[in-house]
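Novice: Listed here are the chains, written in short residue letters.
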Amino acid sequence: MDFDLSKAQKLLQQSSRDFFVRECKPERVRELMATETAYDESLWRAIADQGWTGLIIPEEYGGLGLGLVDLVAVVEEMGRACLPGPFLSTLWAAALIERAGSEGQRKQYLEPISAGDLKATVALLEEEADWNPAAVTMRAEKDGKTFKLRGRKEYVTDAAVADVIICVARDNDGLVFLPVEKGARGVKITPMSGLDQTRKLYSVDFDDVAIQEADALAFTTKPQDAFEAATDIANVAICAEMVGLMQWTLDATVDYAKTRQQFGRSIGIYQAVQHQCADMYLMTESARSAAYYAAWTVSENDPAAKLAVSVAKSYCSDGAREVGNRGVQVHGGIGFTWEHNIHLYYKRAKSSEIMFGDANYHREKVASKVIDEAD
Amino acid sequence: MKIIVCLKQVPKNDSVLRINEQGTWIQDRDLTYEINESDAYGLEAALQLKEKHGGEVIALSLGPARVQSVIKEALARGADRGIHLEDTAFDNLDAYGIGTAIAAATKAEGFDLLLTGLQSDDYGFAQTGVIAAELLGLPHTTIVMDVELNDAGLRVKRELENGFFQWVNMPAPAVLTIQSGINTLRYATLKGIMAAKKKEIKKLDAATLGIDAASLAPRMEFRRIYLPQKNKQTQFIEGSAGDIAAKLIDKLKNEARVF
Chain A
48 MDFDLSKAQK
58 LLQQSSRDFF
68 VRECKPERVR
78 ELMATETAYD
88 ESLWRAIADQ
98 GWTGLIIPEE
108 YGGLGLGLVD
118 LVAVVEEMGR
128 ACLPGPFLST
138 LWAAALIERA
148 GSEGQRKQYL
158 EPISAGDLKA
168 TVALLEEEAD
178 WNPAAVTMRA
188 EKDGKTFKLR
198 GRKEYVTDAA
208 VADVIICVAR
218 DNDGLVFLPV
228 EKGARGVKIT
238 PMSGLDQTRK
248 LYSVDFDDVA
258 IQEADALAFT
268 TKPQDAFEAA
278 TDIANVAICA
288 EMVGLMQWTL
298 DATVDYAKTR
308 QQFGRSIGIY
318 QAVQHQCADM
328 YLMTESARSA
338 AYYAAWTVSE
348 NDPAAKLAVS
358 VAKSYCSDGA
368 REVGNRGVQV
378 HGGIGFTWEH
388 NIHLYYKRAK
398 SSEIMFGDAN
408 YHREKVASKV
418 IDEAD
Chain B
28 MKIIVCLKQV
38 PKNDSVLRIN
48 EQGTWIQDRD
58 LTYEINESDA
68 YGLEAALQLK
78 EKHGGEVIAL
88 SLGPARVQSV
98 IKEALARGAD
108 RGIHLEDTAF
118 DNLDAYGIGT
128 AIAAATKAEG
138 FDLLLTGLQS
148 DDYGFAQTGV
158 IAAELLGLPH
168 TTIVMDVELN
178 DAGLRVKREL
188 ENGFFQWVNM
198 PAPAVLTIQS
208 GINTLRYATL
218 KGIMAAKKKE
228 IKKLDAATLG
238 IDAASLAPRM
248 EFRRIYLPQK
258 NKQTQFIEGS
268 AGDIAAKLID
278 KLKNEARVF
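Chains as they are written, first to last, in our numbering: chain A, 48 to 422; chain B, 28 to 286.
Just to be clear, a hint being listed does not mean it is correct.
[Claimed, not checked] Dumping the calculated DSBU-like pairs for lysine-lysine here, alpha-carbon to alpha-carbon at most 35 Å:
id, chain 1, residue 1, chain 2, residue 2
1, A, K394, A, K72
2, A, K72, B, K259
3, B, K134, A, K57
4, A, K72, B, K225
5, B, K274, A, K57
6, B, K229, A, K54
7, B, K79, A, K57
8, B, K229, A, K57
9, A, K57, B, K280
10, B, K280, A, K54
11, A, K72, B, K184
12, B, K134, A, K305
13, A, K72, B, K77
14, A, K54, B, K224
15, B, K218, A, K72
16, B, K39, A, K72
17, B, K229, A, K154
18, B, K280, A, K154
19, B, K257, A, K72
Hint data in this document are derived by calculation from the structure and do not stem from the laboratory.
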């Protein structure tokens, strides 16, 4: 059995690595994180020109209809570059639109997303910051043929640059997904402070925001299933991104251990340092295997997909944080400085650790699948 | 305009190089490969000419099965089709042998412009394009920085020394060896990678090209190669401040050659 990437996937991976090395250097990441939105129109345009915004969107909606393994090959390189911007947010929103939207809504949103002309995000979390959609309390009150949204969503990624925010709310029948266009009356977007300045967070207040019932993404009788399927895709993507972060941290750390001299010798000659690097390698490779396996299972609609996604996210959440910890440790004093780039990756690892549910959240899902469903 | 671009697959420039057991070349079993740098600029120049004037770009590479990856990358970047020269008779050729095979393949194909990189990143002979041109009986220009098409043929900018350039008018068909850094390389886009799967790669061997394998026998051999020895030494310069400055300048200029 061949577990390797295909030649086309390897070319895609190499091409995306070359792209980010040139187009998203650490200096650019630092410039962007100092801005209010961490968004660069020219970089976004270049990413869209590569075809990556439509990578997994079906061909009938202007995408390329490729699988998740192709996606993770690219997203891993985005992680390696610590790419700022709304790629992940837009991917999550697109996956939700594809699963919950009508044919007309798919055309309306997915075609411009594929072309890079529309950026989107999903507003899920509320004050409790619970990633379980069952915890959503925000009401979408029906007023004739209109939904009225009132309340606050927190930790919404890239809300300030999104052309449309898919708000997850609840009506009398259950979850509803309401697309709120940029500049809609009654919407207030406020930056939130976050650890990772390369991925901006916002609170979004909805003050009687009116959305036509016909505009709701309601082309499904099982909105929670649609939401979970879309979030599985986002989870796979963030796992791949974390693998890229881990690989960068590992490479930088090993390089440092080989060149940093102490007592006349490279610090990498000492076993205490070697063991750290070996553990980092083990965690990076295991995370990669888990992420790629999850991508494959979701792509193939394998029955083990949900389990594989939660295994991958729980492992990557712990692994990315731990690789970051050890990377900073091996770097010693320089690892604590603003000038060294390792803190960019460590902070991204910390923010990604909890995004879409932390390790404990996913381990509970694993336990639920393995134990509860077996009973 | 029909343009053939020769692409050599070379070890990646960040490869860890180890000398083989015979001491005659580097171990190739642990290496990863990429398109030779100046060849990549040749490909980009060809694609830009095609976008401006129309026509066809053909990517040609010589070597074992692994070199197909550079052809595929060229197809993904926008080349229209590929030619792969593969034969055991093509193993371990010198510049003359490679030039002979390229000349035979490109003559059979026909072209308006044949582009090669200025030199390869591994051997660095800077001979292949020139030899192919001579064997084809075509005009050639080396160290090319810019290519323009006109009614008479080509107007080509060459790099000379000390920042000087030379513009050369020449007829087509012709062979040009391209300097690195003359344009901005494009990436293989996702659409390009998808499209490349359907593009033709024609395989040609020595017999098909009518080449007698004996004629390819290398005229040059590597007896022994060496890794550069790293060392550092400290020298104390003594004398008056003026003497020290003069001696330091002399050493920096003539020994360290830093300016």
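Novice: Each hint: holds or not?
Specialist: Right, here's what the structure says about each hint:
The straight-line distance between the Cα atoms of A/K394 and A/K72 is roughly 17 Å, inside the 35 Å bound, and the hint therefore holds. Proximity of A/K72 to B/K259 is assessed by CA-CA distance (about 33 Å); at most 35 Å being required, the pair is judged to hold. For the hint pairing B/K134 with A/K57, the CA-to-CA distance comes to about 33 Å; that is within 35 Å, so the pair holds. The straight-line distance between the Cα atoms of A/K72 and B/K225 is roughly 34 Å, inside the 35 Å bound, and the hint therefore holds.
For the hint pairing B/K274 with A/K57, the CA-to-CA distance comes to about 54 Å; that exceeds 35 Å, so the pair is violated. Our distance criterion of 35 Å between C-alpha atoms is met by B/K229 and A/K54, whose separation comes to about 18 Å. Between the alpha carbons of B/K79 and A/K57 the distance comes to roughly 30 Å, so the proposed pair stays at or under 35 Å and holds. With a CA separation close to 22 Å, the supplied pair B/K229 and A/K57 stays within the 35 Å bound.
Our distance criterion of 35 Å between C-alpha atoms is broken by A/K57 and B/K280, whose separation comes to about 46 Å. Restraint check for B/K280 and A/K54: the C-alpha separation of about 49 Å exceeds 35 Å, so the hint is violated. At most 35 Å may separate the alpha-carbon atoms for a hinted pair to count; A/K72 and B/K184 meet this at roughly 32 Å. A hinted pair counts as satisfied when its Cα atoms are at most 35 Å apart, and B/K134 with A/K305 does not qualify at roughly 51 Å.
Restraint check for A/K72 and B/K77: satisfied, since their Cα atoms lie roughly 31 Å apart, inside the 35 Å limit. A distance of roughly 10 Å separates the Cα atoms of A/K54 and B/K224; the hinted pair therefore holds under the 35 Å criterion. At roughly 24 Å between alpha-carbon atoms, B/K218 and A/K72 fall within 35 Å of each other, so this suggested pair holds. Between B/K39 and A/K72, the direct Cα distance comes to roughly 20 Å. Compliance with the 35 Å bound is thereby established for this hinted pair.
Taking the CA atoms of B/K229 and A/K154, the gap is about 40 Å. The hint is violated against a cut of 35 Å. At roughly 67 Å between alpha-carbon atoms, B/K280 and A/K154 are farther apart than 35 Å, so this suggested pair is violated. For the suggested pair B/K257 and A/K72, the alpha carbons sit about 31 Å apart, so the restraint of at most 35 Å is met.
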